[in-house]
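Chemist: Here is what each chain is made of, one letter per residue.
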Amino acid sequence: MIFVPGQEETTTLPTGDTMTIETDATTLGYLGLRVAYMFN
Amino acid sequence: MKKIIYSFFFAAAGLFAAQSATAQENVFSGGVELALPLGDFGEANDLGIGASVSYELGLTDNFAVLANAGYIYYMTEGDGFTFGQIPIQLGARYYLAGQREGFFAQVSAGTHLSMSSYDSDLVDNETNADFSLAPHIGFSLRKSCRLICVTK
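If you read the sequences in order, they're chains A and B. Position one of the first sequence corresponds to residue 1 (our numbering), numbered consecutively onward. Position one of the second sequence corresponds to residue 41 (our numbering), numbered consecutively onward.
FYI, nobody ran anything at the bench for these hints, they're computed from the structure.
Using C-beta positions, here's what the derived DEER-type ranges look like:
1) A/Thr27 x B/Phe143: 23 to 31 Å
2) A/Thr23 x B/Asp161: 19 to 27 Å
3) B/Leu97 x A/Val35: 17 to 25 Å
4) A/Ile21 x B/Ala132: 34 to 42 Å
5) A/Asp24 x B/Ala169: 14 to 22 Å
6) A/Asn40 x B/Thr122: 29 to 37 Å
7) B/Pro175 x A/Met38: 19 to 27 Å
8) B/Leu173 x A/Thr23: 18 to 26 Å
9) B/Val93 x A/Thr12: 39 to 47 Å
10) B/Ala91 x A/Met1: 15 to 23 Å
11) A/Met38 x B/Tyr158: 35 to 43 Å
12) B/Ala132 x A/Leu31: 17 to 25 Å
13) B/Phe171 x A/Thr15: 36 to 44 Å
The C-beta atom is built at its ideal place from N, Cα and C for all residues, glycine as well.
Produce the entire structure from the sequences given, and follow the hints as far as they go.
Modeler: What follows is the structure, encoded as structure tokens:
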């Protein structure tokens with residue numbers, strides 16, 4: 001599980017106006033499989 | 041009678057020494073990984089493939105701490121878009137059967153560096169570091185083989 005905090009990003013448009021994009025905090029997840037060779 | 045006692049003593053001492061060596065043994069491993077994204081993450085990304093290295097520091101026959109790092113590349117459908125992650129984690133592993141072999145449970149925590157890159161110059165490439173937590177279950181074959189070899 002990867003916990004991604006919310007973000008607020010402000011961009012200045014070519015017109016001079018500013019645009020703010022807010023994203024909510026979210027959790028990303030993946031199911032993993034690892035096959036490993038152990039060196040010793 | 042003394043021979044039997046001495047034999048038993050040396051056998052016990054040898055067994056103890058073998059267990060101590062097992063407990064303190066450190067192991068380096070290299071592996072390949074598959075990652076199946078779930079939920080919203082899965083809607084944006086397809087299967088991930090990658091490689092990782094891990095270093096395991098044995099504390100007892102059952103317990104070890106480890107560090108691992110790797111790279112996972114996700115096969116996404118968008119043209120000109122590449123997404124990958126670098127997981128860097130520390131963890132604790134508990135072997136259910138002891139002797140650091142067989143089934144184990146593990147918890148790792150650390151960070152995932154998520155890297156988005158675009159072919160277009162209009163969009164900046166992005167790298168974010170986020171906290172990650174990963175429960176694991178697994179099975180180790182290595183000790184079984186090694187113990188058989190030692191017994192021979």
